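As a plain string of letters, each chain reads:
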Amino acid sequence: MLKDLFNKKKKYASIPSEQSKVDIPEGLMKKCDNCYKIFYRKEMNNNLNVCPNCGHHHQLNAWERIDSLFDKDTFVEWDKGMITSNPLDFPGYEEKMENDRKKTGLNEGVVSGKGFLNGQETAFAVMDSRFRMGSMGSVMGEKIARAVENARKESLPFIIFTASGGARMQEGVLSLMQMSKTSVAIKRFSDAGGLMISVMTHPTTGGVSASFASLGDYNFAEPGALIGFAGRRIIEQTTREKLPDDFQTAEFLFKHGQLDQVIHRHDLKNVLGTLLKMHQKGGNPE
Amino acid sequence: MKQILEFEKPIVNLKEKIAELKKFTGESDIDLSEEITTLEKRLADLEDDIYGNLKPWQRVQMARHQERPTTLDYIAELFTDFLEFHGDRNFGDDEAIVSGIAYYKGVPVTVIGHQRGKNTKENIRRNFGMPHPEGYRKALRHMKQADKFNRPIICFIDTKGADPGKESEERGQSEAIARNLMEMAGLKVPIVCIVIGEGGSGGALALGVGDLIFMLENSTYSVISPEGAAALLWKDSGLAQKAAESMKITAPDLFELGIIDEIIAEPKGGAHRNIKQQAENIDKVIEKSLVELNKLSVDELLEKRWEKYKQIGDYKEH
Ligand SMILES: [Zn+2]
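Residue numbers (this note's numbering), protein chains in the order written: chain A, 1 to 286; chain B, 287 to 604.
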């Protein structure tokens, strides 16, 4: 009896806060996904999509990321026009791609190119999870492999920002093989002395996590990013293990020795700039 | 206890009928030899028809057959003096991967393969052939040794996938797989990879970056299981059969996509019907591969390996 009363009361009390979670005018306002506090979108954007209240890192799209890091008007895009050929003739795939192209203004879930970061030239690829959840198919694999090859040929460092739900189902085993293709390219680059930096952002899972995302000379992540090989639900179903709340977060990986640093988005440009500088050819101590 | 697959039942039924007739002929005076000959001819036709036209889903069932030969079965048939070595020198030994050195026709080679069990007890010991990070790290340790001592590497691929578990994540399953992909790319010795059963996702690929890639006729290679794909694509794991077809996971599919070099034929009814015959078919391919790859200089070998992976994929450019 007492329990029923308590439950009822709790339910009643939760109604106003439930209401506050909906009906935010899109465009003008932006509500934090973590603390639900509402901000002017402009205020959130100026803060690189980091919540001014709780510090939650909301995703940046590819061009927001590029604008946040590169010196003004220095970024040159590579392979912009590459699109899927629907290699397995998968029904409905091209329509889905067309929708995402319209939605994002991108041709694929990765933008690659080169530019200057704090005055230092670097090759670069940034994934955009709005596009088919950042899943990896032939185009993504080819663009990343080419970017790494370009970096090798031009003796540039290579920085990658990962954001991916994993494989592009509609490309089947071709999607899987992009893991090896990109890894072989990275090996060539690495053997030639190339510097690779990986920054894992939310989410970096599956085949992307198990290939280039983990192959930087330095592997970083943004706070709170989900990073892992197998999906949480699959692990729970297979092992019936109780998983900790912070399982597969950037902080969890860091604790287990899998990352060099978890870097706040506001500090990223400086850390990357310093690291690039430290890898320029040495000289005598001043 | 032979496992009979659903599509094999007409063959089994006909075989039983022939056996019955033979028994009857022996016990009575009626001569049924003409009928028996007719039925035996029909049996041969039926076997050709069924085993000669396997659908993708039927191949999946073949690849998962309880009695399908495993890495250790082939090692016993193909190599001599196999010495298995253990441990990743960091965490432990993972019995989902076997690894060691052996003679192949007088040449020392490094042999590495996923190892699953054929019964529950073995499967628990081998974690159903799903490696943990230390399994991949053990494999890499042995591959680097092969590189140092200039031994060719033969990999047998047979896994549903890498172990999905809390501890595997903690110990860096992603990094372990990624590291193998990258390091295999740079090994200065010939690498021959053979998919013998299921080639499941990154967990299979982590032993699969080689100079020549082969698949047994009824093996599969896929980014996700057909059941998993169906659940993701259509929210219905019951549509696995449809997924097996549309995902292109069979040996003929991968050959057509330009990912594998050759299909290795299986005896009628699958590898488990005749392990010796299967091993002979594999043997021919290994010998041919090593002769071919041995002709290349290290630079040529590595350049060809890169060219091989560079061309995988399909796209349009504007
Ligand atoms: Zn917040």
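Fair warning: there could be bad hints in the mix.
[What the hints assert, rightly or not] Simulated restraints on C-beta separations:
1. A:Asp-246 with B:Glu-573: 35 to 43 Å
2. A:Glu-94 with B:Glu-573: 52 to 60 Å
3. B:Glu-531 with A:Lys-269: 42 to 50 Å
4. A:Asn-34 with B:Phe-377: 29 to 37 Å
5. B:Val-577 with A:Asp-89: 47 to 55 Å
What the hints contain is simulated information worked out from the structure, not anything from laboratory work. Keep in mind the model is a prediction, meaning the values are calculated, not measured. Where is the CB? At the ideal position from N, CA and C, for every residue including glycine.
Verification of the supplied hints:
no.	hint	in the structure
1	A:Asp-246 with B:Glu-573: 35 to 43 Å	violated (52 Å)
2	A:Glu-94 with B:Glu-573: 52 to 60 Å	violated (45 Å)
3	B:Glu-531 with A:Lys-269: 42 to 50 Å	holds (48 Å)
4	A:Asn-34 with B:Phe-377: 29 to 37 Å	holds (35 Å)
5	B:Val-577 with A:Asp-89: 47 to 55 Å	violated (38 Å)
Hint violations for this structure: numbers 1, 2 and 5, all remaining hints satisfied.
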